[in-house]
Structures are given as C-alpha cells and as structure tokens.
Amino acid sequence: MTPFTTAIDPKSDAFQRNRADMLALMDKVHDLKDRAAALSERRRPRFDERGQLTPRERLHRLLDPGMPYLELYALANYLVDTADRDASIPGASALSGIGFINGTRCVIFVDDSGIAAGSAVAKTSDKFQACLDIAMRYKLPFVHLVESAGADLLQYAVESWAFAGRMFCKLAQLSAAGIPTIAVLHGPATAGGAYMPGLSDYVISVKGRGRASLAAAALVRAATGEETNEEDLAGTEMHATVSGLVEYSAEDDAHALLIARNLVKRLDWNKNAAPGQMRAYDPPALDPDEIAGLVPVDYRKSYDVREVIARIVDGSVFEEFKPRYGASTVCVQAALFGRACGIVGNNGPIDPNGATKAAQFFQLCDQADMPVVFLSNTTGYMVGRDYERAGMIKHGAKMIQAVSNLRVPRITLYIGASFGAGNYGMSGIGFAPDFLFSWPNATTGVMGGQQAALTMDQVARGSAARRGVEVDEDQLAQQKERLIAHFDGQSDALYTSGRMLDQGIIDPRDTRKVLGFALETCAEARRQTVRPNAFGVARM
Amino acid sequence: MSLINVESELAGTVWSIPVSPGETVEEDDPLVMVESMKMEIPISAPRDGVVKEIKVAEGDLISAGQVVVILES
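Going down the list, the sequences are from chains A and B. Residue 294 in my numbering is what sits at position 294 of the first sequence, and the numbering runs on without skipping anything. Adding 1000 to a residue's 1-based position in the second sequence gives its number in my numbering.
Partial chain B-side listing against chain A, Cβ under 10 Å, derived: (1) L1010; (2) A1011; (3) W1015; (4) D1028; (5) E1035; (6) S1036; (7) M1037; (8) K1038; (9) M1039; (10) I1041; (11) S1063; (12) A1064; (13) G1065.
FYI, nobody ran anything at the bench for these hints, they're computed from the structure. This structure is a prediction, so every number in the text was calculated from the model and none was measured. For glycine and all other residues, C-beta sits at the position ideal for the given N, C-alpha and C.
Just chain B, with the same shape it has in the complex (with noise of 0.2 Å):
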C-alpha cells in the first residue's frame, strides 16, 4: 500500500471530478477534468488504486504541479 499524490500538468479551473473518495479506478481512469486553453484535459489516475482522497472542488483554479487527488495503490 503507497499513497501516490496525482498532480495537474496544466494550470487551470477544475471543469469536473468524475469520481468520489474511496472510489475504485484503473490505471488512466480520468480523475479530474481541468479546463485549459480551451480544452477539457483529464488528469488520470497513474495505476490502479483507490480514490483517498479530492484536494479540489469544481471551478477551483489550479496551477501547474498542483496536487488534486491522493491515490492509494
């Protein structure tokens, strides 16, 4: 069991979280969907895991590194 911080590549504004804590995901699962130069990226999940837990809500602007989500794996 490891805790890996999912971090955003992109700044931007959280567009939507596709899922909840202590769901689980597969790898590249999209975790949270960022708005960014006009498009909507996902930020997916790096290996199977579960959902620990969402550092974001919707519409929360996010920079570059930031981390979103913890993921358990």
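Chain A extracted, bound-state conformation (with noise of 0.2 Å):
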C-alpha cells in the first residue's frame, strides 16, 4: 500500500499563511486557559497559609507522571458568566478530563478553589454531569477533588438549583451501575455540595480542612440561633469518628491525593477486563505538524480533507471508498495506531449522491465494527430545486439515520465550517458521539449570519411588495447587520466551547494524539465488565 501524495508545499506562502493563521487562533485558546489558571493561581498565598496545595498541583499529584490526560471543558462557562471576550473566565471553576491513576484510566474532576472559593457558576453543573456521563459511558472510577463554597447565593436562579440535582441523581446511579466514586474533602463541602461526600462511595477527607455540613455556621446561627463552630459541626475529625461520613482522615492535602491514588489501585480495576490487542503500526509518513498549514482558517477557502486524513492516520496510507460518487463527500477506510477504522471527511456541500455513499459507509462500519471518525467540515446539505428532485431530503435523512443508529464508537471533529442539518449528518453534538472535539478554526451555526440576514432581508421585502408598502432600507439595512452580528456571534469555536457544543478546542497538530486517546478509551470500555447492583453502595 503505498502512502497519499501530497500537493502541499510547506515552503509555499499560502502555507505558511495559514499556518500562522491557525496557530494565532490556537494561541488563542491557550491564553483563555491562561487566563483562569492565572487567576486562581493568584490565590496560592492563601494555600500556602493554609498548608494546603493549589487546586491544579492537586491534579499533578494525582495523576500518573508521564501518562496522558485528556482534558475536557477546559473552556466551559465562556462568554457564559460575561459577554465581555476580553474578561470572561473560562472553565465553570473546575478542571475535568480523563486520566490514568496508578494505571486505572478514571475521570477526573477538580473544584477550582483558587476562582471565588470554587463555588458554582452556571455551567459547573453541565460540566459536572457530563463527566459523570463518561464515567459511565466508559465504566471509568470517577474521583472528585472538593472544594467548594457551593452556588454564589448572588446567582441563584431557581432552575439551576432544581436541575443541580440531577449531579446527585447520576452519582447516585454511577455506585448503581457498579462505577466506584471517590470524594477527597480538600475544603468546604456544604449544602447542596454535602452530597458529593454523601453520595461518593469513597471518603478522604484533610484534618483541619475538609467539611462537610448542609449547612455552615453562619447558616446554622441564622436559621435556629445555635452558636457552633465548623470543626464541631463540619470537620474531618467529627466525620471520620461520630457521623461516619468520613472514611479516611489525612494530614495534609498531598497525603490525601495518596490515600485516593492506594484507593484506585486497591480496586484492581482492570482484573476482570479483556485485554487489549496491541498491534504494529506505522506513524504517518506525513508530518502530522503540517495540518497546521494546509487548513485555511477560512472555512469559504476550500482544500482537499484527504491531505490531513494522510496526516492522521498510520503510515499515510488509506483506501478511498467511491471516490468518484459523491465525490465532494470523501470516505476512506484506514487504521489509527493499529486499529482499523472508518473516517468520513467534506471536500465541499453534501450533495444526494455524498449522502447516500456516507450511509451505505456508515452501515459497512457498523457490519465491520469499524469506529468511524468524523471530520466535520460542511456548509450543509446542497439546497436548490435541482437537489430537492434529486431527493436531497431523503437521501440526507438516510445518512442522518445511519448516523444516529451506529453501533460502532464516533468520534467527531468540527475542523472547519460545520452548519445546518450537515452537522447532524456529520455527527454532531445532538448525536452525542462518542467524543467530540474542535479545531480553532471551527464555525457552527444553523446557517451563516449573511444567509440568515439576506433570507430575513427578502422576506420583509416580499412582505412588503403583498402589503403595497415601500420597504425602509435604514431599518432593513440595519436589522441586516444586526442579524449578521446575531449569528455570526455564537459561530466561533471560543463560543461554541463555551457553551460546552464541544468537549474543548484541540491543536490540530494533537488531532492523532487525541483520536488515538478516544478510541483506546471506547475499546477498554467495550472490554470492560461491571458489577451493577440495585441502589448503589449506602454509607450505613
């Protein structure tokens, strides 16, 4: 089998454009995440006067050195908590993804305490529940690092709250599912945030630092007038030897993050799984590193998706399937680190005979058990009457069907545009693939805002031809950029991830690494056997 050819010219100056382009929108993304870490980070004099270790040297200790960890929702919450791009926090003040403890792959989530106290902003339960639902999608142990003053009492909404307890409901059903979950007591734990200790199958709590109560003093004086202290009412020592919350006491917060990694390796989690096969594979021939320049950033500027497909998969080496039917919709069969798989791509609008060669693709994956990963990057479904004869809408449902029925693991990528209804063909968020990452480059939306605001500007005009009325081109003119604005606002990757459409924005260069990482975890998962029980584990 002889590797892709590639047309790119890495000396060329459309290359080096986009690349500059690409990793300017990445560099992007990094100073977001900088700009949380930054600012908790200017909360370390208070850990330091407290013994205690900030929240992301809690997650270093933690995780296994060396091992990979693949981080999720870094950007939840942005342009959430303020429209403001220039001072909006992402994250929901926590830190999440998947992560190897002393060898057991786990989700991992960590109260961001070092951002106003760690308590709860409006997408920290979203971000919460999703990694709940990895954990049991994965059959992954779910350890929880606590510290939290819980929900800012300035921001309650009433549904928030409401909905907040479908956190306790999916840890309740992880210990049902026979899913162990571990709590670490690094901080406060109140209220509502009482229940992450009370419903975790595991306890660890620091002395002198860790509580737990549904209500602080302050809450206990207010509501009965009984005069008590946290210690007496919340802490470690009272849990571990009175109520029986606790289960194990720890001296400091390193001590702690001991006592979770012993936890995980006492529960010996993969005893009873498959093991995996472990095959040979060629790294691409084609320097993945490249993907960076052959992208415009410009989702209007096409490219051929088979030049980054060759820097994907192993040795560069894939199998076109029809490639000359449905030619704009490219399908190819190759293997990603040894395990074979189905990738679909977009040189251009799905058209009847792309959407028909991806469902019969689709369903070959699904009779082969082939993953199929997804690289999204389509302006939608060809409209025009030209199309619609030629059953555009059946045969897009066909590939929508197919989509939406796979037996087999999804991952998808938004590496460009990914609009309309071409986005549920291709996989996207309603889907709910497997994994879904974007590049920075991504742009979703219904439509784009020049579309929606030239389709707005002809409705009003042919309203007022009917209506005999001469139409206001000030106001039309200006409903006309307002609409652009108003689409063309929430389309851009930083958004979208914001809105957690996404499980966060890759480099592109890392698109392997992260496939790779995905994949693994679906077929672990798949040889992964669990002891479910009726109600979960009860703290009697």
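Build the complex from these two chains, which are given one at a time in their own frames, with help from the hints.
Spelled out as structure tokens, the structure:
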C-alpha cells in the first residue's frame, strides 16, 4: 500500500500564512486557559498559608506522571458569565478530564477553589454531569477533588438549583452501575455540595480543612440561633469519628491524594477486563505538524481533506471508498494506532450522491464493527430545485439515520464549517458522539450570518410588496447588520466551546493523539465488565 | 487539438475568474471560483491547455452543468 501523494508545499506562502493564522487562533485558546489558571494562581498565598496545594497541583499529584491526560470542557462557561471576551473566565471553576491513576483510566473533576472559592457558576453543574456521563459510558472510576463554597447566592436561579439535583442522581446511579466514586475533601462541601461526599462511595478528608455540612455555621445561626463552630459542625475529625461520613482521614492535601491513588490501585479495576490487542503500526509518513499549514482558517476556502487524513492515519495510507461517486463527500478506510476505522470528511457541501455514499459507508463500518471518525467541515446539504428533485431530503435523512443508529464508536471533530443539517449528518453534538472536539477555526451554526440576513431581507421585501408599501431601507440595513452580528457572534469555536457544544478545542496538530486516546477509551470500555447493583453502595 | 467544455458541478455565483483568455493552464489549475453554499469552490482545468473562451463574468448566477470556460487542449 502506498502512502498518499501530497500536493502540499510547506515552503509556499499560502502554507506559511495558513499556519500563522491557525497558530494565532490556537494562541487565543491557550490565552483563555491561562487566564483561568492565572486567576486561580493569585490565591496561592492563601493556599500556602493554610498548608494546602493549589487545585492544579492537586490534579498533578493525583495523576500518573508521564501518562496521557485528556482535558475536557476546559472552556466551559466562557462568554456565559459575561459577554465581554476580554473579561470572561473559562472553565466553570473546575478542571476535568480523563487520566491515569496508578495505571487505571479514571474521570477526574477538580473544584478550582482558587476562583471565587470554587463556587459553582452557570455551567459547573453541566460540566460535572457531562463528566459523570463519561464515567458511566466508559465504565471509569470517578474521582472528585472537592473544595467549593457552593453556589454563588448572588447568582441564584431556581432552575439551576433544581437541575443541580441531576448531579447527585447521576452520582448515585454510577454507584449502582458498579462504578466506584471517590471524593476527596480538601475544603468545604456545604449545603448541596455536602452530598458530593454523601453520595460518593469513598470519602477521604483532610484534617482541619475538609468540611461537610448541610448548613455552615453562619446559616445555622440564622436558621436556629444555635452557636457552633465549623470543626464541631462539619470537620474531618467529627465525620471520621462521630457521623461516619468520612472513611479515610488525611494529614494534608498530599496525603489525601496518596490515599486516593492507593484506593484506585486497590480497586484493581482492570482485573476482569479482557486484555487489549497491541498491534504494530507505522506513524504517518507525512508530518502531522503540517496540518496547521494546509488548512485555511476561513472555511470558505476549500482544500483537500485527504491531505488532513493522510497526516492522521497510520503510514499515511488509506483506501478511498467510491472516490468518483458523490466526490465531495470523502469516505476512507484506514488505521489509527493499528485499529481499523472509517473516516468521513468533506471536500464541499453534501449532495445526494455524497449522502447515500456516506450512509452506505456508515452501515459498512457498523457491519465490520469499525469506529467512525467524522472530520466535520460542511456548509450543509445542497439546496436548490435540482437537488430537491433529486431527493436531497430523503438521501440526507438516510445519512442522518445511519449516523444516529451506529453501534460503533463515533468520534467527531469540528475542523472547519459545521452548518445546518450537515452538522447532523456529520455526527454533531445532538447525536451524542462518543467524543467531540473542535479545531480553533471551527464555525458552527444553523447557517451563516450573511445567509440569515439575506433571507430575512427577502422576506421583508416580499411582505412589503404584498402589502403595497415601500420598504424602509435604513431599517432593513440595520436589521441585516444586527442579524449578521447575532448569528456570527455565536458561531466561533470559543463561543460554542463555552456553551459546551464540544468537549474542548484541540490543536489540529494533536488530532492523531486525541483520536488515539478517545478510540482506546471506547475500546477499553467494551472490554470492561462491571457489577451493577440495585441501589448503589450506601453508607450505613 | 480539441475543445473542452468546462462545466460547473454546482449552482452558485461566479466569485472570481483567476485566468484570462489565451492563458496557458495546467491540469487542476482553478479557472473559475464559484461561491456556493457559503464556500468558494474552484472549477479546475480537467487537463493542460489554453483558455479559449470564458463564458461567464464575475457576479453571474450559474446553474449546475453550465459551461463556464472553453479550454483548448
């Protein structure tokens, strides 16, 4: 099998320009993550004073050194707290991801208590729930490093409190599904937060710092007039010796994390998992680093997605399925780290032949039990008289139907445009792919702002003509500008990642690594067996 | 010597025409850029040749199958 013959010249001006554009977008992503980290780091003196580790130090201590860690939802809540792009803080006051603890793949959620004392913001509950869902779907132990002031009372909304109950419901269901949950109390877990330890299978608490109570001393005083102190009311000592909430007391943060690591080891989590097959593979013959330069960040500029595929797959080798039928929808068979998979990409909008080809390809992948990777870069299904007459709806529906019902792992990457129903056919967020990441140039939405504005412009003119009145050109021009801003302001990857419409933005050059990690997580889950029980493990 | 009718596969608007009549082009060189479905899609030369005639102008609405360039090869 011969590797793909590239037409890319890394020395060309276009390549250098694309690369500079792409890396500049990636810098913005790093800057945003750094903004949250720097804000949290400002509290370091307080952590030091209390003899604590910072949330990021806790995460590093928990994880196996040198092993991969897949960060998830790092930009959650960006532009949700404020529309000011220069002030908004991403992360939803938490760090989360999939990583290894004593060789065991786990889902990890760390309260970022350096930011507003770890108090929950709008997307914190969604981020927590999304992590619990991942633990459930991939049968991974769940470890939560707790230190949170609870919800910010100034931002109270009745529905966010009500739906926060889902976090606890899902924690309980994880335990019942036979998936262990571990909470480490580094600081307070108050009110609703007290159910984090309450509903976790194992609770480790740091002496003098870990606290859990339904109401802190101030609220107790307000509610009943009782005078109490935090240690008597909520402290580690009390819970370890009197209430029985805490299983393991720790001297300090580092000790608590050591206990957590030992606990995961004691689970011997993979003892019944069928061993995975390690297979030989060749790295891509073409340099994955070149992806940054071959993709124009403006989705209007077309390029050959096979150039991207060739820099992701083993040996840069793939077989193209029906290359001359529905040619702008590209389907290939290839291998990633020795694992056969189907990959679908777009070299233009999806036409009827492209849709039927993709639907057939997905069914073939399902038949052969091959994961499907979606490199989503589509401005949509073709519109227009000829395409409607050719059955664009029914053919597109077949593709969407196949995507919805695939039984094999689906990994979606938004690598450019992801518009309209094309987003659906290419396994968008609504179709719950196993993993979904974006490149920083990704643009998603029902349609482009320009198309939305022109459509409304024509509707307004048609309506005015029917009523026999003249259109107000100034007003129409203003409406057009507003619509473009309204649509395009919601379409960039930073905005959509803030809304958790993906699991994060990755560097395009890391695509192969991320796909490998995601596919292995899916494969490991299939090999894993769990022992579900009816009600979860209760603390007696 | 043969004349080739180069057609647009998609309906759209002519965005730009990077070639001029009489120009020598190589296979896969873009002859006409069509704006369709929010993308700039190139209509490329099917083989090496000389641009004999350009049948469209920037801003023209074209339909699928419409001849945009005649190429002498």
